[in-house]
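When you get a sec, could you build the whole thing from the sequences and use the hints?
First to last, the protein sequences are chains A and B.
Going by our numbering, the first residue of the first sequence is number 7, and it counts up by one from there.
Going by our numbering, the first residue of the second sequence is number 102, and it counts up by one from there.
It should be emphasised that the hints constitute simulated quantities derived from the structure, not laboratory data.
Check before you lean on any hint, since a few could be wrong.
What the hints assert, rightly or not - Calculated cross-link-like contacts (lysine-lysine; reagent style DSSO-like; alpha-carbon spacing at most 27 angstroms):
(1) B:LYS184 <-> B:LYS116
(2) A:LYS66 <-> A:LYS118
(3) A:LYS74 <-> B:LYS145
(4) B:LYS145 <-> A:LYS58
Stated by the list, open to error - One side only, chain B facing chain A, incomplete, derived with CB under 8 angstroms:
(5) ASN153
(6) VAL156
(7) PHE207
Just so it is clear, CB atoms sit at the ideal spot from N, CA and C, and this is done for glycine as well.
Chain by chain, the residues:
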Amino acid sequence: GNSVTQMEGPVTLSEEAFLTINCTYTATGYPSLFWYVQYPGEGLQLLLKATKADDKGSNKGFEATYRKETTSFHLEKGSVQVSDSAVYFCALSDNTNAGKSTFGDGTTLTVKP
Amino acid sequence: EAGVAQSPRYKIIEKRQSVAFWCNPISGHATLYWYQQILGQGPKLLIQFQNNGVVDDSQLPKDRFSAERLKGVDSTLKIQPAKLEDSAVYLCASTPLAGLTDTQYFGPGTRLTVL
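Encoded structure:
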């Protein structure tokens, strides 16, 4: 079956540091890929997405590129802020199976001033 | 636009009791999902509806869990009888169409504790 593997956390960074959260996937066909974020006390919300190989999703300074050859969708941000502290989930939607979704286990990011 | 509504927000029950959760998706959204999120893990899909039909329920423990989506709008997830390992947050999400590339919109979740 499909699976998503995320870099284990927690991750602690200082403000303005560079962030990478690794995500790799296993899926049949060509899934759509997503990063969702859960801020403290809030529900899951979409951060960015990419629907085909080589697409780059971006939002709020975060970026991720759909790499089919390495089956990866790593999340990056050049300069993190305290307000980026949250749990980040990588997910895929299986386009060959009615959009069935599979999520990673999440990576907790804490940014210190 | 109103978001996905869920109730109750919290529920504590004893094992072997039954419990039901309710979800009202965003108006006009055809697809509705129920997920189980155990502490420290990502959401696991339990069941996916498109309108009032089931698209996928392969990970739903059908001996104790059931779900319905009457009239293709709101939905109810039931557990009967509950076990200790059912303690989790139950998330409801919806998308406008079949979810292939659509963003899922999540509700706040129901936190279930089984004692």
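Checked hints:
Between B:LYS184 and B:LYS116, the direct Cα distance comes to roughly 5 angstroms. Compliance with the 27 angstroms bound is thereby established for this hinted pair. For a cut-off of 27 angstroms, the pair hint linking A:LYS66 to A:LYS118 stands: about 19 angstroms separates their Cα positions. Only pairs whose Cα atoms come within 27 angstroms are accepted, and A:LYS74 paired with B:LYS145 is accepted, the gap being roughly 24 angstroms. Between B:LYS145 and A:LYS58, the direct Cα distance comes to roughly 24 angstroms. Compliance with the 27 angstroms bound is thereby established for this hinted pair.
Given hint, B:ASN153 at the interface with chain A, is violated; its Cβ is 15 angstroms from that chain's nearest Cβ, farther than 8 angstroms. The closest approach between the C-beta of B:VAL156 and any C-beta of chain A is roughly 5 angstroms, which is under the 8 angstroms cut-off, so the hint is satisfied. This hint holds: B:PHE207 has a C-beta 4 angstroms from the nearest C-beta of chain A, less than the 8 angstroms allowed.
Consistency with the previously given hints fails for number 5 only.
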